[in-house]
Amino acid sequence: MKVSVDYKIIIVIGLLIIFGKIDLYFIFAVSIICHELVHILIAKIMGFKLIELHFGIFGMSANIAFLGKVKVLSRVLFYISGPLMNFFIAEVFKNINYEFTYINVALGIFNLLPIIPLDGGKILLELVKAFIGRDQASEIILCFTKIFLFIISILYAAILIEVKNIFLVFLLLY
Numbered sequence: 271m272k273v274s275v276d277y278k279i280i281i282v283i284g285l286l287i288i289f290g291k292i293d294l295y296f297i298f299a300v301s302i303i304c305h306e307l308v309h310i311l312i313a314k315i316m317g318f319k320l321i322e323l324h325f326g327i328f329g330m331s332a333n334i335a336f337l338g339k340v341k342v343l344s345r346v347l348f349y350i351s352g353p354l355m356n357f358f359i360a361e362v363f364k365n366i367n368y369e370f371t372y373i374n375v376a377l378g379i380f381n382l383l384p385i386i387p388l389d390g391g392k393i394l395l396e397l398v399k400a401f402i403g404r405d406q407a408s409e410i411i412l413c414f415t416k417i418f419l420f421i422i423s424i425l426y427a428a429i430l431i432e433v434k435n436i437f438l439v440f441l442l443l444y
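In terms of this note's numbering, the sequence shown opens at residue 271 and continues consecutively.
None of these hints come from the bench; they were simulated from the model. Bear in mind that the values here come from a model prediction, so they are computed numbers and not experimental data. No false leads were mixed into what you were given.
Pairwise CB distance ranges, derived in the manner of DEER restraints:
(1) Arg404 to Lys319: 19 to 29 Å
(2) Leu397 to Tyr372: 21 to 31 Å
(3) Leu430 to Ile410: 27 to 37 Å
(4) Ser344 to Ile287: 35 to 45 Å
(5) Lys339 to Leu430: 38 to 48 Å
(6) Gly338 to Gly290: 42 to 52 Å
(7) Asn365 to Ile303: 19 to 29 Å
Heads up, the beta-carbon is just placed ideally off N, CA and C, and yes, glycines get one too.
With the hints as constraints, model all of the structure from the sequences given.
Here it is as structure tokens:
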């Protein structure tokens, strides 16, 4: 298994400390790490292989290889496990910490968007592949991804204009 680290994390953490927002980044990073750890656990249970762990600005990501012929339902369960973990964390913290609840609900919903490489895009790809085949499914999901990214970009730009938050600019540039 390969482990990689994006050293831009140091710059981001430094900026967050300067602007007093490190606590929210910590909640965000812990939530994403829990999300990915559930994917890894499910992968181990299902006999999949962990190829790489990557630590980046947005937390951790796991690259998993499906070994052999894997049923669509198994792949869907694997992909949905991460967002379900975020919803579980939100439920646990709903009366304890608003930020943990809010961030985890947002992460769960965001990860279910039908955009590749998000879990929702992978789930949709698996389901469409089961009915029309891999090549056509890839074209359809790529189209969905472009449409949703366009919509998200417009909404993001509108929010950026309204909120005027420097961290949103950094996120957009990234």
